[in-house]
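Asks: Chain order of the listed sequences is B and H. Following numbering that gives the first Met the number 0 from start to finish, the first sequence increments by one per residue and tops out at 890. Following numbering that gives the first Met the number 0 from start to finish, the second sequence increments by one per residue and tops out at 394.
Everything labelled a hint here was simulated from the structure, so no lab data went into it. Here the structure is a predicted model, which is why all the values come from computation and not from measurement. Where hints are given, some of them may not hold.
As the list claims (entries may be wrong) - Per the computed footprint, the stretches of chain H lying under chain B, defined by three or more beta-carbons under 8 Å from a beta-carbon of chain B, are: (1) 53-59; (2) 99-110; (3) 140-154; (4) 171-184.
Claimed, not checked - Simulated crosslink set (DSBU-like; lysine-lysine; CA at most 35 Å straight-line): (5) Lys375(H) - Lys7(B); (6) Lys13(H) - Lys7(B); (7) Lys47(B) - Lys7(B); (8) Lys131(H) - Lys104(B); (9) Lys255(H) - Lys13(H); (10) Lys665(B) - Lys535(B); (11) Lys375(H) - Lys309(H); (12) Lys13(H) - Lys130(H); (13) Lys47(B) - Lys104(B); (14) Lys104(B) - Lys375(H); (15) Lys70(H) - Lys186(H); (16) Lys131(H) - Lys70(H); (17) Lys93(H) - Lys13(H); (18) Lys186(H) - Lys104(B); (19) Lys130(H) - Lys186(H); (20) Lys70(H) - Lys93(H); (21) Lys130(H) - Lys7(B); (22) Lys7(B) - Lys93(H); (23) Lys309(H) - Lys104(B); (24) Lys13(H) - Lys104(B); (25) Lys131(H) - Lys47(B); (26) Lys70(H) - Lys870(B); (27) Lys93(H) - Lys104(B); (28) Lys13(H) - Lys47(B); (29) Lys130(H) - Lys70(H); (30) Lys7(B) - Lys131(H).
As the list claims (entries may be wrong) - Every beta carbon over 12 Å from chain B, so not counted as near; a handful from chain H, in silico: (31) Arg12; (32) Asp19; (33) Gly33; (34) Tyr43; (35) Thr157; (36) Arg234; (37) Glu235; (38) Ser250; (39) Glu284; (40) Ser292.
Just so you know, even glycine gets a beta-carbon here, dropped at the ideal spot from N, CA and C.
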Amino acid sequence: MNLRVLRKTLLYAMTAISFLALQLSRELSPIVIGLFWAGAAVSWFWEKPRVDPARFLRAWTVLTVGVFLFSLVDWLVLDEFPLITIMNFVIFLGTAKLFQRVASKDYTQGMALSLLWMAAGAVLNDNLSYGVMFALYVFAATLALTIQHLQVELDVYDRSAANRTGVERAVVLATATLAAMIFLASAVFFFSFPRIGIGFFVQQSREGVTTSGFGENVELGGHGNIREDSTIVLRVVFPDGPPYPIQEMRWRGLSLDEYNGRRWTDTDNHRLEIVRFESGEGYMLGAENRNLSWEEVTRGLIAAEINQEPMPGTDVLFSPGYPRAVQLPNAVTDMPDSLFGRTFGFDSTGQLRFRTRGELGLRYVIFASPDAYDPRDREPWDYGAPDLGSLLRWAYEDLRASRRRSGALNGVADGSGEGVAPADAGQRAEEAGGTDSAGSGDSPLDRPGLDVGAATPTPEDFDPLVIAPLDGDQLQTALTHPALLEWRGRRRQTALRYLQLPPDVLTPRMAEYVGRLRTEYPDALAFTQAVETSLKRNLAYTTDLPMPLTDNLVDEFLFEWRRGHCEYFATAMVVLLRTSGVPARIVNGFLGGDYNAVGDYYTVRQANAHSWVEAYFPGLGWITFDPTPGGAANMGPTGWASGLALWVDNMRLRWFRWVVEYNLEKQFTLFRDTFRALARDENAQPSVELVSMARRLGMWLWRNGGEVFVLLVLGGGVMFVYRRRARRRIRWDINDWQIAGVWVAASTAVVVTWWRPFPSPDAVGWMLVPPVLGIGMSWLWRRSLFEAEGGGRRHRAAQQDVSRLYVQLLMDLESAGVPVNPSIQATDLPQLVGTWAPAAQAEIRDFVGFYLAARFSGQAPAVEDVRAWGKRLRVVRKVVRAAIKAAARGS
Amino acid sequence: MAVSWRKVLKAPRKLFFTADGRWFTAITLLLGVGAVNTGANLLYLLLGMLLGLIVASGILSERMLREVTVKRLPTGDIFAGRPTSFRWEVTNSKRWFSSFTLVIREHEARATRARRRVALGLPADPPTRRKKREAEADPGPPAGLALRVPAGRSVVVTGTPTFPHRGLYQYVGIDLGTRFPFGFFEKSRAIEMSSEVLVYPALFDDPGALTEEDYRQGEVERAREGQGGEFHGLREFRDGDDRRDVHWKVSARRGKLVRRLYEREDNEAVALHLYNWLPPGLTGESHRLAHASMETTISGVASTCARLAKEGRRYALHTIDARVHEGDGAGQLQAALRHLAMLEIRSDSEAPPMQLSGQTNRILFATRFAPASVVKRFEQRWRNTKPDSTDREAA
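All chains should be built: construct the whole structure from the sequences, respecting the hints.
Replies: Laid out in structure tokens, this is it:
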């Protein structure tokens with residue numbers, strides 16, 4: 000393959016790769032894609048001798064103007080997104096350029112346009128596919144630019160170019176290495192370039208994935224293809240290790256409370272306050288006590304770093320339990336809400352939402368309660384209560400306890416009642432204190448003193464007004480307070496929400512089923528567990544559902560099909576619990592996940608989408624139940640493909656973590672860790688080290704300034720004498736100046752230390768460092784050049800020394816009294832010397848021969864010979880001086 | 000202490016942006032601004048690639064230039080206006096790495112450059128603005144390209160420059176440059192290696208075309224008579240003529256001595272006279288035309304020399320203030336051409352006289368600016384020797 004063919008191939012490779020980077024963004028219309036590929040294919044053959052592209056240049060110009068005008072119309076009149084319009088026009092230009100390959104500059108322009116495509120691809124496509132295309136592009140661009148350069152040079156020096164045989168192979172091999180170097184350099188620049196951008200588009204829209212598994216709503220009647228969808232939606236790293244096996248991990252997304260017989264929706268969206276910690280660590284969700292430190296907030300919680308894929312249709316963030324605190328990238332959270340249409344909210348059901356413009360992928364660190372129960376939880380209807388509400392609540396609890404003791408509450412006779420009061424009292428004390436210590440890690444089911452009867456409330460139980468007026472003026476005032484009245488209404492509404500059922504949902508056979516269980520398990524918690532177990536044991540899991548024949552899907556699921564998927568199981572359980580007066584809700588999220596051993600993280604796929612149930616028990620809070628039988632979740636690819644899939648996914652995660660979401664914080668961490676690794680000190684601080692290094696230097700100078708100064712003077716003098724005499728330096732060369740530069744800088748630094756007011760050791764240190772570094776680098780650079788040019792340092796140095804000896808000889812002769820013309824030919828020197836000092840003539844002749852051979856023969860003189868001549872010439876100098884003195888005396 | 004500041008401050012490398020390099024750098028800067036402004040990491044990635052290309056350019060171009068030596072190879076005779084083979088031997092002393100696209104370019108002395116540029120009709124000094132410089136299409140000094148010099152090997156690079164003007168061209172060194180690997184930047188290294196190139200005047204392919212009709216362009220007179228050979232014509236016998244050439248029959252008929260003239264013989268010496276003077280005070284276009292005319296005349300002399308040398312004739316060359324003694328062969332031609340190459344055009348206020356040579360056959364080469372007195376002497380001489388048509392007919 001000759002250079003021209005190679006260049007053409009590489010131009011097409013660059014174009015194709017950069018277009019693929021664009022195409023994979025899915026932002027291009029199929030028409031544009033089709034036109035490009037067809038055009039590129041035709042243009043390959045659009046060249047001499049088939050076609051003369053030069054004949055069509057005018058036509059292309061007209062067409063380009065036409066397309067430009069059309070783009071303007073498309074943008075201004077048809078209101079197309081400007082980036083896409085511009086992109087389409089640039090794609091046209093690049094494709095047109097493929098048809099206009101006439102001169103070398105056309106190839107250069109084609110390559111430049113492909114670079115523009117890559118830049119556009121960087122904006123439109125931030126998926127791993129761009130990374131792959133980028134790697135390919137680096138290789139193709141490196142090779143193409145090199146070949147283009149060779150071809151251009153050949154165009155200029157066509158006839159005179161030497162040694163062009165086999166150059167293609169050599170260049171391709173060399174460029175392959177070069178491409179790797181450039182790829183490495185790209186990475187170095189990428190990671191080291193300071194991330195000081197304002198981050199307008201730091202979180203670009205990423206490729207969305209089909210979210211048939213998870214949605215904001217649950218709608219029965221159609222399940223979709225969850226099991227087959229192995230798309231990864233979450234990648235999770237547990238900095239402290241997973242709290243329990245990943246297969247049991249529930250990734251809580253949102254809860255749904257209202258059921259209309261077919262569809263579940265979320266109506267409880269009472270937003271809670273989110274407190275940002277000033278030090279920027281993160282956000283406390285549902286903050287109650289602002290005095291807590293970040294460490295106190297996150298203590299004992301599960302920390303999970305989650306990379307969440309964009310999920311069209313939802314902005315929910317997922318959490319391995321109840322979210323308590325979250326950390327978001329600064330670049331995201333610092334953006335003004337008004338500009339980016341961002342919403343960041345947390346509601347009383349534990350839903351955390353974060354939305355920016357477009358469908359975004361996001362990385363965040365979530366801190367969640369280890370399980371559904373947390374003593375710090377308020378009941379859902381207590382959120383946002385005025386302070387006085389606490390009093391009312393405790394009063395209510397007391398009243399309820401007393402009623403329970405008397406068997407009056409809720410008409411449920413005779414709860415077992417043992418030990419309830421002490422347990423409740425203890426818990427209340429903790430809640431009143433706003434802290435969490437007891438029982439945060441215990442299972443609620445193991446908690447003693449559970450009173451099933453008392454824990455089966457009715458809506459009226461949740462209204463504080465059912466309790467008798469309490470003593471005290473304060474309470475009287477509170478009862479008429481507008482905030483309290485508003486709270487009362489919401490509280491009632493909230494309580495009722497979790498007992499809501501659509502009309503006619505309870506069929507006779509369902510009632511009979513519930514009654515039987517209720518009779519068997521009068522305790523509310525036991526009853527709930529019984530429902531869960533019953534569903535799990537008696538029904539089967541499937542995604543192959545028959546067509547519903549009635550409107551009551553739950554009844555049909557329970558008694559006709561006797562099989563279904565998680566949403567049916569969860570719906571059925573919630574309906575059964577609510578008919579029995581147990582507040583319950585459905586929770587949507589993911590169950591389980593996979594461990595990626597390649598990247599040491601966990602993946603959660605769409606196939607892990609799951610629905611389960613949370614039921615409320617006074618004093619215990621919301622407790623999780625899962626009535627779905629096992630086998631609900633699909634764990635992604637298996638067999639030979641799983642290894643590859645894990646690797647690809649690992650690459651994808653790393654791509655997002657270290658490329659797409661690389662920021663100043665990660666950059667700092669990277670530098671710090673690198674510095675620490677180099678310093679072999681886990682606690683080293685780069686900035687501190689650098690500053691302290693300069694300071695130490697300055698302090699050392701300050702303390703030892705006198706001695707250093709004396710040493711400098713002596714050292715400088717010795718160096719000067721050595722170079723001037725011993726080395727017979729005729730003129731100052733760059734090395735002399737460098738030595739002088741260091742000497743001056745060091746002397747100045749020392750002198751400055753004696754100057755009062757003393758600036759500071761740091762200043763002195765910094766004053767010394769740059770010149771020393773600069774001169775040192777200059778010395779290294781020139782030394783390497785010196786060595787590289789002229790066949791090696793030794794050779795060149797010896798040649799220079801011979802020249803110096805010659806010039807020195809001329810100077811010595813002149814000073815001795817020989818009238819030396821500066822332009823004298825070396826060959827005339829022996830004769831000249833012979834007239835004044837005949838004894839030295841032979842020696843001078845020999846030396847001139849040596850000098851001329853060293854200078855012009857191309858052979859390096861031996862260093863030893865040069866030294867020997869240095870000694871011999873000293874003798875010659877003495878002989879000449881003696882001869883001239885003798886002549887002078889004689890005359 | 001003698002300080003050579005120029006040497007101290009001289010950069011070891013020269014670095015220039017090429018046109019593509021300027022665009023590339025501009026794109027890199029724009030992309031950098033875009034990346035910093037948006038914070039988009041993928042733009043940073045692309046920026047990293049572009050910066051990587053720049054760094055690779057710097058490193059590789061340095062590697063290309065290192066441990067490479069250049070040696071000039073001897074060239075043959077160089078004539079103005081003709082492509083010349085200029086050769087260098089490039090040696091790559093590196094052990095492992097080949098050097099690619101090494102451009103060897105002679106570093107002109109300022110005077111040389113001025114001569115070359117003036118001969119091309121350009122200002123003596125190149126314009127400082129890049130666009131104007133590029134618009135001039137100045138081919139520049141001799142240059143050649145070594146596409147690849149394998150490690151540890153030498154290649155011979157040939158340049159084919161055309162020197163537009165005769166004269167001595169001085170080169171202070173060689174610029175060894177490369178645009179490898181991408182053609183964005185040109186890095187060069189100066190190798191001090193002075194050299195001189197003597198460019199002979201341009202040669203006409205057919206100097207015989209210069210006849211009396213070209214008088215205004217230069218040639219004045221051509222001697223045609225010789226000492227033997229074919230009969231050429233008749234003329235009056237003059238003192239000094241060989242009596243053996245007397246045509247007795249015609250002399251008897253005319254009543255006065257008439258001698259035979261013969262066609263010139265090849266081995267007859269010829270004296271070429273070049274009147275290298277132009278009147279002072281010529282400016283502008285007339286100055287240019289006058290010098291062009293003089294250069295054409297000089298080329299005519301050189302071409303005649305070449306032809307005479309080819310024919311094996313002896314000849315001498317006379318100019319206003321110098322001469323090349325009579326001789327023949329390659330040595331004579333070299334001497335004549337060297338003399339013509341270095342010839343200076345005089346512009347004395349008064350036209351200097353021209354010494355006539357002692358040879359019988361003389362040719363005067365002059366421009367139309369030559370004074371009539373000089374031309375007349377040759378014309379007179381020529382007329383005196385010109386065969387009379389009637390005599391020819393009579394013969």
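Asks: With a cut-off of 35 Å on the C-alpha distance, tell me whether Lys104(B) and Lys375(H) pass.
Replies: violated (61 Å)
Asks: Under 8 Å between beta-carbons, do enough residues of the region 171-184 of chain H, three at least, approach chain B for the coverage claim to hold?
Replies: holds (count 5)
Asks: Please verify the coverage claim for the region 99-110 of chain H: does it have three or more residues whose C-beta sits within 8 Å of some C-beta in chain B?
Replies: holds (count 3)
Asks: Take a quick look at whether Lys131(H) and Lys47(B) sit within 35 Å of each other, Cα to Cα.
Replies: Status holds; Cα separation ~34 Å.
Asks: Quick one, are Lys309(H) and Lys104(B) close enough, alpha carbons at most 35 Å?
Replies: Since the Cα atoms of Lys309(H) and Lys104(B) sit roughly 49 Å apart, the hinted pair is violated (cutoff 35 Å).
Asks: Does Lys93(H) pair with Lys104(B) here, judged by a C-alpha cut-off of 35 Å?
Replies: Distance of about 33 Å is within 35 Å: holds.
Asks: When you check the alpha-carbon spacing of Lys13(H) and Lys130(H), does it fall within 35 Å?
Replies: Given that 35 Å is the threshold and the Cα spacing comes to 20 Å, the pair holds.
Asks: So Arg234(H) supposedly isn't at the interface. Is its beta-carbon more than 12 Å from every beta-carbon in chain B?
Replies: The claim holds: Arg234(H) sits with its nearest Cβ about 56 Å from chain B, beyond 12 Å.
Asks: Just want to verify: Asp19(H) was marked as not at the interface with chain B; is every Cβ pair farther apart than 12 Å?
Replies: Asp19(H) is in fact no farther than 12 Å from some Cβ atom of chain B, at 6 Å.
Asks: Under the criterion that the straight-line Cα-Cα distance not exceed 35 Å, is the pair Lys7(B), Lys131(H) satisfied?
Replies: holds (32 Å)
Asks: Given the hinted pair Lys131(H) and Lys70(H), is their Cα-Cα distance within 35 Å?
Replies: Since the Cα atoms of Lys131(H) and Lys70(H) sit roughly 33 Å apart, the hinted pair holds (cutoff 35 Å).
Asks: Does Arg12(H) clear chain B by more than 12 Å, comparing its Cβ with all Cβ atoms of that chain?
Replies: The assertion about Arg12(H) is violated, with a minimum of 8 Å to chain B.
Hint compliance for this structure: hints 5, 9, 10, 14, 23, 28, 31, 32, 33, 34, 35 are broken, all remaining hints hold.
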